[in-house]
Every structure is written in C-alpha cells, then in structure tokens.
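S.K.: Sequence:
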Amino acid sequence: MRLFGKRAEASARPALVRAPQGILGGGLVAGAWPRSYEAQVAEAYLGNAIAQRAVRIVAEGAAGVPVYAATGPERGAGLIAPVLVETIAAQLLLHGGG
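Add 1 to the 1-based position in the sequence shown for the numbering used here, that's all there is to it.
FYI, nobody ran anything at the bench for these hints, they're computed from the structure.
None of the values given here were measured: they were computed from a predicted structure.
Quick reminder that beta carbons are idealized off the backbone N, C-alpha and C, glycines included.
Any given hint might turn out to be false.
Across the chosen pairs, the derived CB separations fall in these ranges [to be verified]:
#	residue 1	residue 2	range
1	Ile89	Leu47	17 to 25 Å
2	Leu47	Ala78	28 to 36 Å
3	Ile51	Thr72	41 to 49 Å
4	Ala55	Ala82	20 to 28 Å
5	Tyr69	Ser37	33 to 41 Å
6	Ala71	Ala40	35 to 43 Å
7	Asn49	Pro83	23 to 31 Å
Please take these sequences and the hints and turn them into a complete structure.
M.R.: In structure tokens:
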C-alpha cells in the first residue's frame, strides 16, 4: 500500500499472532487463546487492573444516578438500590446487553 509516496515494507507490518509478553504480559503462547467467552472475559478483565478500575468507575457513576417513579406510588423506585444498579451496570459492561 502506498501512503505519502512510500511503500510499506513487509517487515514493518505487525504480526497477527499472540506472542508471550514476559512478566508484564499475559504469558500465553502463540495460539493459546481461551476458548469460551467466559474464559476470554475473565482473562482480559481479571488480568488488567486498568480495565477493572474503568468498569468500577462507570458502574459507580451509574449507581449515583437517582431513580424516580414517573407516576404512581414511589415505593417501587425505592426498591432499586444503588448497589443493584452498580451490579447491573458492571455486568452490562462486561457481558453486553444481548
């Protein structure tokens, strides 16, 4: 591919295999991907402190939003605790809505 008059060299392209990254990396050998979705989420989320903190910040922000009942008795809105909203938000971030 030519960009700005230069031709990209084959050696400049990144390899599309997962290589071991030593002490700081995941430590998996090339081609050793977790098979199930749950294993992939666990490997990506549990091994990454930044991802854990990001999910926690968004979930705590969602828990801070007040819940009101539009009409009728407001008892139902009181049942939705911030802890429940935080848990649901974290699960949606990790596993999606579908």
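S.K.: Hint by hint, where does the structure go against what was stated? Just the numbers, ascending.
M.R.: none
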